[in-house]
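Let the hints inform the model, and build the full structure from the sequences given.
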Amino acid sequence: MSSAVPAARRPADATTTELPDDRDAAITALFEAHYRHLLAIARRLLDDPADAEDVVMDSFVGLYRRWGSVRRPDDAFFYLRASVVNGSRTRLRRLRLAASRLFTQFEPPVAAAEQTALLHLERDAVSQVLSALTGRQRQVLVLRYCDRLSEAEIAATLGCSVGSVKTHASRGLQAVAEQLRGMS
Amino acid sequence: MTTDHDLASAWLTEALGHDPDPPADLHAARLELRRRTRRISVQRRLAVVAITATVAVLGLVVVRALPDSPITPPPAKHLQSGLPIGTLKGQVQFRGDPDSNPGPRSLWFVVRADSTGTYSIQAPGDIGMGPDVWPVRYTGVAPGRVMLTRPDSLCTGDDNELTLDFTVRGNTVTITRAVTGPCSTFPDRPNVDLRGVVLRVTRGASPTP
Numbered sequence: 001m002s003s004a005v006p007a008a009r010r011p012a013d014a015t016t017t018e019l020p021d022d023r024d025a026a027i028t029a030l031f032e033a034h035y036r037h038l039l040a041i042a043r044r045l046l047d048d049p050a051d052a053e054d055v056v057m058d059s060f061v062g063l064y065r066r067w068g069s070v071r072r073p074d075d076a077f078f079y080l081r082a083s084v085v086n087g088s089r090t091r092l093r094r095l096r097l098a099a100s101r102l103f104t105q106f107e108p109p110v111a112a113a114e115q116t117a118l119l120h121l122e123r124d125a126v127s128q129v130l131s132a133l134t135g136r137q138r139q140v141l142v143l144r145y146c147d148r149l150s151e152a153e154i155a156a157t158l159g160c161s162v163g164s165v166k167t168h169a170s171r172g173l174q175a176v177a178e179q180l181r182g183m184s
Numbered sequence: 185m186t187t188d189h190d191l192a193s194a195w196l197t198e199a200l201g202h203d204p205d206p207p208a209d210l211h212a213a214r215l216e217l218r219r220r221t222r223r224i225s226v227q228r229r230l231a232v233v234a235i236t237a238t239v240a241v242l243g244l245v246v247v248r249a250l251p252d253s254p255i256t257p258p259p260a261k262h263l264q265s266g267l268p269i270g271t272l273k274g275q276v277q278f279r280g281d282p283d284s285n286p287g288p289r290s291l292w293f294v295v296r297a298d299s300t301g302t303y304s305i306q307a308p309g310d311i312g313m314g315p316d317v318w319p320v321r322y323t324g325v326a327p328g329r330v331m332l333t334r335p336d337s338l339c340t341g342d343d344n345e346l347t348l349d350f351t352v353r354g355n356t357v358t359i360t361r362a363v364t365g366p367c368s369t370f371p372d373r374p375n376v377d378l379r380g381v382v383l384r385v386t387r388g389a390s391p392t393p
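So the sequences go chain by chain: A and B.
For the first sequence, the residue numbers in the working numbering are 1 to 184.
For the second sequence, the residue numbers in the working numbering are 185 to 393.
Treat the hints with care, since some could be wrong.
A few chain B residues that face chain A, going by a derived Cβ cut-off under 10 Å, partial list only [to be verified]: (1) D188; (2) T197; (3) D209; (4) E216.
Here are the simulated lysine to any residue pairs, SDA-like style, with alpha carbons at most 25 Å apart [said to hold, decoys possible]: (5) B:K261 with B:T347; (6) B:K273 with B:R321; (7) A:K166 with B:K261; (8) A:K166 with B:H202; (9) A:K166 with B:D190; (10) A:K166 with B:T197.
Think of the hints as simulated: they come from the structure by calculation, not from any bench.
Ideal Cβ placement from N, Cα and C applies to all residues, glycine included.
Written as structure tokens, this is what we have:
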């Protein structure tokens, strides 16, 4: 990744804020601070907004279950972000697996009319471009440009090496450039 | 020169970097989170109750199923009087004229857990018939006082051989008072004073000196 991007975006600076001792209160505070931001990441990683909401909710519930192992407030946010990214990947993989078992091409789930209208509005050029990427490329670019993480932070979040992040980013950018050329 | 990567990067920065937070029904999400966390709390409480109840029931079952376990008490270390069980060995000083073989002599008491035992006196370097060994029974009179009786005594009525007052400190027994009975076989009793004699205790020692 040769191009410079702005410094990391940390929503509401809540990562450095003290959390309440009570588990329920702490989860509620984290929810208020990070839910929308995490939902934005999940929306860029998944095609279906409902899936994105599920994944984010699952990550909060997962944190609630593992609250005993959270040592610092920063840990909670990192856990949530990694959980959203990994949950999105799992969700996509499961959907693709289900589609392949049915011997049909994967189609997004049929949504209600109201939701479908919203979906069409949201499936903008960005969504189209991102959908054309592989799962890892999409994760790397979303974390890089949506969350403004460094390569090291992306590697830590995804559980892979910095070299791997660089490779996925480079190939992802190439794919995005090709998409843009095709669109223009 | 602008490369494909730069173009793509600039486009993504513009498209994703200024991405507004998506519309979301926060109220519904809050309610959903509360519902799911409450369910987890309830499940945990139920699990704790279930585990506690299971452990309690299993514990009761195990306790009831166990036979009256034959718990063997640890071997006693003292008789009731407080006299240590084992071999008690010390030295006594005999006085008197040279013919009566004055000087130090070894003194043994063998004390068994069933209150039987022996006592014996041997002169150092004695190469004669060996020491006399008298079988005795130790009867506690009071804490720190024991009476040695001889079951094979020919005396009728009073088989008291020796009554000892003693104190125990660690592995030593100090005789503080000694009184012989009317039929005592204790040799040359007038020429020996057992008071202050310190006996060293060897536990589990051979019953014969």
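Okay, the hints, checked on the actual structure:
no., hint, result
1, D188, "4 Å, holds"
2, T197, "6 Å, holds"
3, D209, "9 Å, holds"
4, E216, "6 Å, holds"
5, B:K261 with B:T347, "21 Å, holds"
6, B:K273 with B:R321, "17 Å, holds"
7, A:K166 with B:K261, "78 Å, violated"
8, A:K166 with B:H202, "23 Å, holds"
9, A:K166 with B:D190, "15 Å, holds"
10, A:K166 with B:T197, "17 Å, holds"
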